[in-house]
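S.K.: Just need the whole structure built from these sequences, with the hints factored in.
Sequence lines, in order, name chains H and V. First residue of the first sequence: 1, per this note's numbering; consecutive thereafter. First residue of the second sequence: 271, per this note's numbering; consecutive thereafter.
Since the hints were derived computationally from the structure, they do not count as laboratory data. The beta carbon of each residue, even a glycine, is placed where N, CA and C say it ideally should be. Fair warning: there could be bad hints in the mix.
Straight-line Cα separation of at most 20 Å, SDA-like style, residue types lysine to any residue; simulated pairs [stated by the list, open to error]:
(1) H:68 <-> V:514
(2) V:514 <-> H:79
(3) V:426 <-> H:119
(4) V:442 <-> H:125
(5) V:514 <-> H:255
(6) H:44 <-> H:15
(7) H:68 <-> V:388
Just so you have them, the derived chain V footprint on chain H, three or more residues with Cβ under 8 Å [to be verified]:
(8) 57–69
(9) 116–126
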Amino acid sequence: MKDKLVDLDAAVDLVRSGDTLTFSGVSMVRKPMAFIAKLIQSGKKDFTIIDREPGMDFDILVAAGCVKCARAAMVGFELFGLAPNVRKAVQEGEIQFIEETCGAVVNGLRAGAMGLPFLPVKGIIGTDLVELHEKLGNWKIINDPFGGGEIVAVKAIVPDVAVIHVQKADRYGNASLEGSRFEDVYKAKAAKKLIITAEEMVPSDYFKENPERNTIPYCYTTAVVHVPEGAYPTACPNYYPPDYEEVLRYLKMCREGKVKEYIDEFIRRW
Amino acid sequence: MHPADVMIKVMASQIKDGEVFLHGLASPMPALAMFLAKLTHAPNMVYLAVAEGIDPDPEKFKLYPSSADPRHAAGCIGIGELAEAFDLAAKGKVDGMFLGGAQIDKHANINLTCIGSYNKPKVKLPGGAAAAYLSPIVKKLILWTTNHSKRTFVEKLDFKTGIGYEKGKDKKVVVISNMAVFEAEERGLRLISVHPGFSIDDVLSEMSFEPVVDGYTTTQPPSDEEMKIIQKLDPENVRYLEFKK
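M.R.: Below, the structure is given as structure tokens:
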């Protein structure tokens, strides 16, 4: 095993402008916010960002002008409302938005992780999403070769970089996801490069004692970064819950036209 | 009584003992309804959710603003990835799913994508989440809206994100608003009941199409015992946040 421990700046160096990126977590849980702050600071842009149900990660990257295309099944702040910057950018035609549906984006990532060109996915047929994705070349209605009728083939999603915030990792890039995993293992395995950010660094013996703790083994990992509170203000299960007050403060500053101030502050945090 | 509590009771009554139900993000009322069912008439229902805890412990539960809040999985018996819940649905083994609807038509098709055109939307909505995938493959689709109005119940959807009634399919589609309960049939959306405190005129005057009305009842609100359960699970009234002030 090679030592893959680097700092956030070195990890950001692995990303190029124009890359397709995916991030861990959903909504207000385990989003790699520290990495995103450094990514904004780097000035890189024109990203395509893909996820199932993101929130503040997508919204702040769009607010910072880093995004060319966003692809997700839902983006928002749940009971706190719509994602203000994604909404504005889409309505004003500043970014392309591709609406996904959960089952398709999950299985697209799984196909990517499995090295398959596509996976067949049930449901979906009869909705307006089909035409949209057929035009874009992401999905195609095919006939089940075994006589089961029409089904949607979802093209594999292979991001250039996945950034996954985990609870524990060792310096070689073995990583432990505790509690909800969402699609993070598939994202990690689908991507060409994998950056792990970790709340806590552990010795490799932590995994040797209980190998089932190793949810993302080192052979998938490109770089690992130690970032305590790296998901803040989103949650990191077993470490801290979402900071709802901070998320509301972000939304308030967005409403007041102060999102640039928030971004400056956000970058300075790390 | 707050309409949220009436809606939670109606949602819970859709869940039969032993059934598998799933809820997604932004779903405080479905979460409470699943617990209410489990603690009353459906102790063996299987609770699957976006926070990925299978059968979380109601004794340890408290409702927070994000449905994915890791504390919502407290005391669960295992972790079930949402991807695995989707697999189960593809096998026909998820009985019910709850989905919101920004626009709902008379066949209970829903729009959660955009107001106006997709390419140049007047309002870009949060998105359909699992609607397009799950709506055609679950046996019970429970739709809800906290905004019973002509803007919600529309003649024509701006975008079809999810599929409601499907002829000849073993699928029940129930629509629960803050004023009434409907079920989708071939004839259209049939009024089942009107919530206490609302009249039939309130319900009909706030819809852009005419539902099928051939006899309806008053919606059964939660009992005092059921209200105690709801209050205990949500002492800070997070469930009311979804309603317009």
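S.K.: Hints first: check each against the structure and report whether it holds.
M.R.: Now the hints, each set against the structure:
1. For a cut-off of 20 Å, the pair hint linking residue 68 of chain H to residue 514 of chain V is broken: about 33 Å separates their Cα positions.
2. Annotation: proposed proximity of residue 514 of chain V to residue 79 of chain H holds, straight-line Cα distance about 11 Å (limit 20 Å).
3. Pair hint residue 426 of chain V plus residue 119 of chain H does not hold up; C-alpha atoms about 33 Å apart against a cutoff of 20 Å.
4. Between residue 442 of chain V and residue 125 of chain H the CA atoms are separated by roughly 18 Å; this keeps the pair inside 20 Å, and the hint holds.
5. At most 20 Å may separate the alpha-carbon atoms for a hinted pair to count; residue 514 of chain V and residue 255 of chain H meet this at roughly 18 Å.
6. Proposed proximity of residue 44 of chain H and residue 15 of chain H is supported: the alpha carbons are some 8 Å apart, at most 20 Å.
7. Only pairs whose Cα atoms come within 20 Å are accepted, and residue 68 of chain H paired with residue 388 of chain V is accepted, the gap being roughly 17 Å.
8. With 0 residues having a beta carbon nearer than 8 Å to a beta carbon of chain V, the region 57–69 of chain H misses the requirement of three or more and the stated coverage is violated.
9. For the region 116–126 of chain H, the assignment as covered by chain V holds, since 6 residues bring a beta-carbon within under 8 Å of that chain's beta-carbons and 3 suffice.
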